[in-house]
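Visitor: Full structure from sequences and hints, please.
Take any residue in the sequence shown, note its place counting from 1, add 530, and you have its number in our numbering.
Source of the hints: derived by calculation from the structure; they are not laboratory data.
Keep in mind that this is a model prediction, so the values were computed, not measured.
Hints are not guaranteed to be accurate.
[Unchecked claim] Below are the DSSO-like pairs computed for lysine-lysine, each with C-alpha atoms no more than 27 Å apart in a straight line:
#	residue 1	residue 2
1	543	553
2	590	563
3	553	590
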Amino acid sequence: ASSSDYRLKENIKPITGGIERLKNLKPSRFSWKEEPGTEQDGFIAHEVQEIVPEAVGGDKDAINDDGTINPQQLDPSKLVPLLTAALQELTARVEALEGN
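Guide: See below:
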(Lines of atoms letter the chains of each structure in order from A and count residues from 1; the text may use other names and numbers.)
(Lines give C-alpha, C1' and ligand atoms only; values in the text may rest on other atoms or scores of the structure.)
Protein backbone atom coordinates (compact mmCIF):
# COMPACT_ATOMS: atom_id res chain seq x y z
CA ALA A 1 0.00 0.00 0.00
CA SER A 2 1.11 3.55 -0.57
CA SER A 3 0.15 6.81 1.10
CA SER A 4 -2.84 8.49 -0.51
CA ASP A 5 -3.83 11.09 2.09
CA TYR A 6 -5.16 14.29 0.50
CA ARG A 7 -3.17 16.36 3.00
CA LEU A 8 0.03 15.22 1.29
CA LYS A 9 -1.10 16.28 -2.19
CA GLU A 10 -1.57 19.53 -4.10
CA ASN A 11 -2.80 20.62 -7.53
CA ILE A 12 -5.53 17.97 -7.39
CA LYS A 13 -7.70 17.88 -10.52
CA PRO A 14 -9.82 15.29 -12.31
CA ILE A 15 -8.27 13.08 -14.98
CA THR A 16 -9.60 14.09 -18.38
CA GLY A 17 -9.21 12.34 -21.71
CA GLY A 18 -9.10 8.96 -20.00
CA ILE A 19 -10.71 7.08 -22.87
CA GLU A 20 -8.29 8.49 -25.44
CA ARG A 21 -5.25 7.70 -23.29
CA LEU A 22 -6.61 4.22 -22.56
CA LYS A 23 -7.07 3.56 -26.28
CA ASN A 24 -3.35 4.22 -26.75
CA LEU A 25 -2.31 1.44 -24.36
CA LYS A 26 -1.29 -1.74 -26.18
CA PRO A 27 -2.09 -4.84 -24.14
CA SER A 28 -0.19 -7.83 -25.51
CA ARG A 29 -0.07 -11.59 -25.22
CA PHE A 30 3.48 -12.92 -24.88
CA SER A 31 5.76 -15.51 -23.36
CA TRP A 32 8.92 -14.85 -21.38
CA LYS A 33 12.14 -16.05 -23.03
CA GLU A 34 12.89 -18.04 -19.85
CA GLU A 35 9.46 -19.74 -20.05
CA PRO A 36 8.83 -20.18 -23.80
CA GLY A 37 5.72 -22.35 -23.52
CA THR A 38 3.82 -20.17 -21.07
CA GLU A 39 1.83 -17.26 -22.49
CA GLN A 40 0.35 -14.41 -20.48
CA ASP A 41 -1.35 -11.06 -20.95
CA GLY A 42 0.47 -7.86 -20.10
CA PHE A 43 2.17 -4.74 -21.38
CA ILE A 44 5.55 -3.74 -22.79
CA ALA A 45 7.05 -1.25 -20.34
CA HIS A 46 8.37 1.34 -22.79
CA GLU A 47 5.00 1.42 -24.61
CA VAL A 48 3.18 2.12 -21.34
CA GLN A 49 5.79 4.75 -20.44
CA GLU A 50 4.61 6.87 -23.38
CA ILE A 51 1.06 6.99 -21.95
CA VAL A 52 1.49 6.67 -18.15
CA PRO A 53 5.14 7.53 -17.42
CA GLU A 54 4.74 7.22 -13.65
CA ALA A 55 3.89 3.52 -14.09
CA VAL A 56 7.34 2.65 -15.45
CA GLY A 57 10.78 2.74 -13.92
CA GLY A 58 14.10 2.49 -15.70
CA ASP A 59 15.19 3.32 -19.20
CA LYS A 60 14.37 1.54 -22.46
CA ASP A 61 17.25 -0.64 -23.69
CA ALA A 62 19.36 0.01 -20.57
CA ILE A 63 22.21 -2.39 -19.90
CA ASN A 64 24.35 -3.01 -16.86
CA ASP A 65 28.12 -2.46 -16.83
CA ASP A 66 28.63 -6.17 -17.51
CA GLY A 67 26.44 -6.01 -20.63
CA THR A 68 23.39 -7.75 -19.13
CA ILE A 69 19.90 -6.33 -19.53
CA ASN A 70 18.83 -3.76 -16.93
CA PRO A 71 15.07 -4.28 -17.38
CA GLN A 72 12.39 -1.64 -17.04
CA GLN A 73 9.84 -2.20 -14.29
CA LEU A 74 6.07 -1.72 -14.59
CA ASP A 75 3.79 -0.94 -11.65
CA PRO A 76 0.32 -1.92 -12.90
CA SER A 77 -1.33 -0.24 -9.91
CA LYS A 78 -0.41 3.12 -11.48
CA LEU A 79 -2.77 2.27 -14.37
CA VAL A 80 -5.83 1.99 -12.09
CA PRO A 81 -6.61 5.75 -11.95
CA LEU A 82 -6.55 5.99 -15.76
CA LEU A 83 -8.72 2.87 -16.10
CA THR A 84 -11.18 4.27 -13.56
CA ALA A 85 -11.36 7.66 -15.31
CA ALA A 86 -11.91 6.00 -18.71
CA LEU A 87 -14.65 3.78 -17.29
CA GLN A 88 -16.36 6.79 -15.70
CA GLU A 89 -16.21 8.69 -19.01
CA LEU A 90 -17.62 5.69 -20.85
CA THR A 91 -20.38 5.24 -18.26
CA ALA A 92 -21.35 8.91 -18.63
CA ARG A 93 -21.55 8.50 -22.42
CA VAL A 94 -23.72 5.39 -22.12
CA GLU A 95 -26.01 7.05 -19.58
CA ALA A 96 -26.36 10.09 -21.86
CA LEU A 97 -27.30 7.83 -24.79
CA GLU A 98 -29.81 5.99 -22.61
CA GLY A 99 -31.28 9.28 -21.40
CA ASN A 100 -30.40 8.69 -17.74
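Visitor: List, from low to high, the hint numbers that the structure doesn't satisfy.
Guide: none
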